[in-house]
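Taking the hints into account, I'd like the entire structure generated from these sequences.
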Amino acid sequence: MRPDRHHNAPDGPVARSRYERERAARLSAETLLEAKSRELYEANQRLTEQAKNLELGIAERTREVEEAAYARVLAEAANDAKSSFLASMSHEIRTPLHGVLGMMSALESTRLSSEQRDLLEVMKEAGYVLRTVVNDILDLSKVEAGQLELSYAAFYLPNVLKSLKQHYGLSAASKGLTLMFDADQSCDCWLLGDEFRLRQVFANLLSNALKFTAHGTIFLEARVRQEAHGVYCLDVRVEDTGLGLSNFARDRLFKPFAQADPKVAHRFGGSGLGLTITRRICHLMGGAITLDGEEGKGTVAQFQVRLKGAEPPEARVQCADLVGAEALLRAQSWTILVVDDSAVNRKVVAQYLKRYKVTVLEAEDGAQAVELWRQVQPDFILMDINMPVMGGIAAALRIREEARERSEPRVPIVALTANAMSHQVNDYLNAGLDAHIAKPVGRAELVRVIGSFLSRKPARP
Amino acid sequence: MKGVIFVELLRMAEAHAGEALVDEVLDGLTLASGGAYSGIGSYSCGELFSLVEAFSKRLDMPEPDLQKAFGHWMFSHFLENYGEFFADKKTAFDMLASIEGEVHVEVRKLYPDAELPKFETYQVSETEMTMIYKSARPLEFFCLGLIEACLVHYGTAGRITPQQRSGDDGAHMVFSIGLDAA
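Here the protein sequences come in this chain order: A and B.
If you count the first sequence from 1, you need to add 92 to reach the working numbering.
The second sequence: position 24 = 21 (the working numbering), numbered continuously.
Some hints here could point you the wrong way.
Residues of chain B clear of chain A, computed beta-carbon distances all greater than 12 Å [to be verified]:
id	residue
1	Ser39
2	Phe46
3	Ser53
4	Val102
5	Arg105
6	Thr127
7	Arg134
8	Leu141
9	Gly152
DMTMM-like, lysine to aspartate or glutamate: derived pairs with alpha carbons at most 20 Å apart [what the hints assert, rightly or not]:
id	chain 1	residue 1	chain 2	residue 2
10	B	Lys(-1)	A	Glu114
11	A	Lys449	A	Asp413
12	B	Lys86	B	Glu123
13	B	Lys(-1)	B	Asp110
14	A	Lys400	A	Asp276
15	A	Lys257	A	Glu236
16	B	Lys86	B	Glu145
17	B	Lys(-1)	A	Glu126
18	A	Lys128	B	Glu103
19	B	Lys87	B	Glu97
20	A	Lys254	A	Asp413
21	B	Lys87	B	Glu125
22	A	Lys128	B	Asp110
23	B	Lys(-1)	A	Glu122
24	A	Lys257	A	Glu184
25	B	Lys(-1)	B	Glu99
26	B	Lys54	B	Asp24
27	B	Lys106	A	Glu131
28	B	Lys106	A	Glu134
29	A	Lys257	A	Asp280
30	A	Lys439	A	Glu184
Worth flagging that the hints you see were computed from the coordinates, not collected in a lab.
All C-beta atoms, glycine included, are put in the ideal place defined by N, C-alpha and C.
As structure tokens, this is what we get:
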């Protein structure tokens, strides 16, 4: 039988005991509800308190995060300020240094007593060290600002190796060391990349090897491997029989301003920036660099960089050698226009070129340069970029445009400036400049560049 | 034990046998609560068994039958007051399977101190289910009544075979539920 829930209770009076029970039940229910509602109220109070504390906590945390972010911004700004100070100081130092080195070079070709010549030699040595340090600092500030960029141009790897061998071979011989290069057939190739930066990597390892080796041999091995998608991996090993490295030194060497041993700084000099920059360059070129070797048993430095292959430019004369360029400059008379607002800089170039059959014309700004170009049609223009009245880029654009209108031959224009950031260099090339040389420039480099352009030119009637 | 069980037991007794009989039974027992139960209170479990025993005698109805009838009564109470639990269950097995993991979870939220029985269900096939009931209190026939009412509610005919498994205190019962093929 299913119970009937709606069975009616009989009408009529209710028993006293039932009434008492119902009342007792109601009272106990009320007491329970009262306690429950107090519990609820208290729980609610606690919750409100917790919510308040939570909000305070969040506000506190937010404040801390904001403070940390602010502190970071300050620290970054300070670091940026340091980097930009270093960069601008280096730039400011480079320009007068260019003048000093140039004048020393010029002084060398004057009549000097042997004592004066010795003094000049020391001055030159010191000047070149200073130039390296300034360049390193400028490069490091670019590394720290993430602004070390690569430019891309085709270059012939054997030329790079040949000139390194020439340059460092002399230094090695003067220290009584043997410098051996082993570059096999695989290195006979054209590559697309930043030749200047690649040379810097080689130069850093070779100059370190020379610096820290007193007796024996420095051995450089280079190999090129073809990888997928037209990429070539250049593998280089530089071994010496010098001081070698302690474990401690190996860890420290890639850090900026660190040298293996503080004593080294006194004994051998150097800014301690070279490897930091070198490593960054290797990374940018898709490679790496490692140092190995035991203390007292020589050092083995190895690096790889990855570069695209390049077609050999047809018209390009592989003018790596100074002798050829000098011969060309002596073979016939040339007119070279030097554009620079600094009289010292113009004078440096004029001094460099004095020994050749070169007529140097000078212009103080872009407007004068355009005017002189119209009148004289020089064989080559060396153009500063930042100048009053009209800058180098505007002048180059004007010259290119007018030459096109009048169908005149294209004159080589090469920028000579202290603004050596890659993106700036790319701007120059886009504006119709043919190449870029960073100040301060040495005579040999300047002559090589001029020679490489003039050799493509049909001789003047 | 939650007061709602006591209140509903008395309501069922009143519905069946009238207030006078219920009053008589209550007056005849010595209960700590004095028989004054409210739905929101909690009372000693022993009082429930005293009441069941007394009603059984007074109505001349075996205790298992009374427990079972109370199971049916409580099922109707649950259905009327907590319809939301039934709304999304399509079959009696769905409902039975949801007691432990769903209904009891909600009960514990409201009454953290509630001592609830354990229901394990194993559905063997579409028409067979094994339900294991474990409780500190011997209310297995009350449980049987609830299962029966559940089948009735879902319009499912079937057999429920209870099997005692107890050795220790309380109840341990296995219900084998077989539904008639549709």
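Checked hints:
Some Cβ of chain A comes within 12 Å of the Cβ of serine 39(B); the nearest lies about 9 Å off, and the non-interface call is violated. With a closest Cβ-Cβ approach of about 19 Å to chain A, phenylalanine 46(B) is found to remain outside the 12 Å limit, as its non-interface label requires. With a least CB separation of 15 Å from chain A, serine 53(B) remains clear of the 12 Å interface cut-off, as annotated. A cut-off of 12 Å between C-beta atoms confirms that valine 102(B) is not in contact with chain A; the least separation is 20 Å.
Listed as a non-interface residue, arginine 105(B) keeps its Cβ farther than 12 Å from every Cβ of chain A; the least gap is roughly 16 Å. Under the 12 Å C-beta cut-off, the non-interface status given to threonine 127(B) relative to chain A holds; the minimum distance is some 27 Å. Here arginine 134(B) stays apart from chain A, with its beta-carbon at least about 22 Å from theirs, past the 12 Å limit. For leucine 141(B), the non-interface assignment is confirmed: its Cβ lies about 15 Å from the closest Cβ of chain A, beyond the 12 Å cut-off.
Chain A leaves glycine 152(B) outside its interface by the beta-carbon criterion, the shortest separation being 15 Å against a cut-off of 12 Å. Taken as a hint, the lysine -1(B) and glutamate 114(A) pair is honoured in the structure, with Cα atoms around 17 Å apart against an allowance of 20 Å. For the hint linking lysine 449(A) to aspartate 413(A), the alpha-carbon distance of about 19 Å falls within 20 Å, and the restraint holds. The suggested pairing of lysine 86(B) with glutamate 123(B) holds, with an alpha-carbon distance near 15 Å, which does not exceed 20 Å.
The suggested pairing of lysine -1(B) with aspartate 110(B) holds, with an alpha-carbon distance near 10 Å, which does not exceed 20 Å. Taken as a hint, the lysine 400(A) and aspartate 276(A) pair is honoured in the structure, with Cα atoms around 19 Å apart against an allowance of 20 Å. The hinted pair formed by lysine 257(A) and glutamate 236(A) fails the criterion: a straight-line CA distance of about 31 Å is larger than 20 Å. Using a Cα cut-off of 20 Å, the hinted pair lysine 86(B) and glutamate 145(B) holds, with the two alpha carbons roughly 16 Å apart.
For the hint linking lysine -1(B) to glutamate 126(A), the alpha-carbon distance of about 18 Å falls within 20 Å, and the restraint holds. Of the supplied pair hints, the one linking lysine 128(A) and glutamate 103(B) holds, its CA atoms being roughly 18 Å apart against a limit of 20 Å. For the hint pairing lysine 87(B) with glutamate 97(B), the CA-to-CA distance comes to about 17 Å; that is within 20 Å, so the pair holds. Only pairs whose Cα atoms come within 20 Å are accepted, and lysine 254(A) paired with aspartate 413(A) is accepted, the gap being roughly 9 Å.
For the suggested pair lysine 87(B) and glutamate 125(B), the alpha carbons sit about 16 Å apart, so the restraint of at most 20 Å is met. At roughly 14 Å between alpha-carbon atoms, lysine 128(A) and aspartate 110(B) fall within 20 Å of each other, so this suggested pair holds. Using a Cα cut-off of 20 Å, the hinted pair lysine -1(B) and glutamate 122(A) holds, with the two alpha carbons roughly 16 Å apart. Taken as a hint, the lysine 257(A) and glutamate 184(A) pair is broken in the structure, with Cα atoms around 32 Å apart against an allowance of 20 Å.
About 19 Å separates the Cα atoms of lysine -1(B) and glutamate 99(B), which keeps this hinted pair within 20 Å; it holds. In summary, the hint linking lysine 54(B) to aspartate 24(B) is supported, as the alpha carbons are separated by about 15 Å, within the 20 Å threshold. Between the alpha carbons of lysine 106(B) and glutamate 131(A) the distance comes to roughly 15 Å, so the proposed pair stays at or under 20 Å and holds. Of the supplied pair hints, the one linking lysine 106(B) and glutamate 134(A) holds, its CA atoms being roughly 18 Å apart against a limit of 20 Å.
The hinted pair formed by lysine 257(A) and aspartate 280(A) meets the criterion: a straight-line CA distance of about 15 Å does not exceed 20 Å. Taking the CA atoms of lysine 439(A) and glutamate 184(A), the gap is about 19 Å. The hint holds against a cut of 20 Å.
Violated hints, listed in ascending order, are 1, 15 and 24; each of the other numbered hints is respected by the structure.
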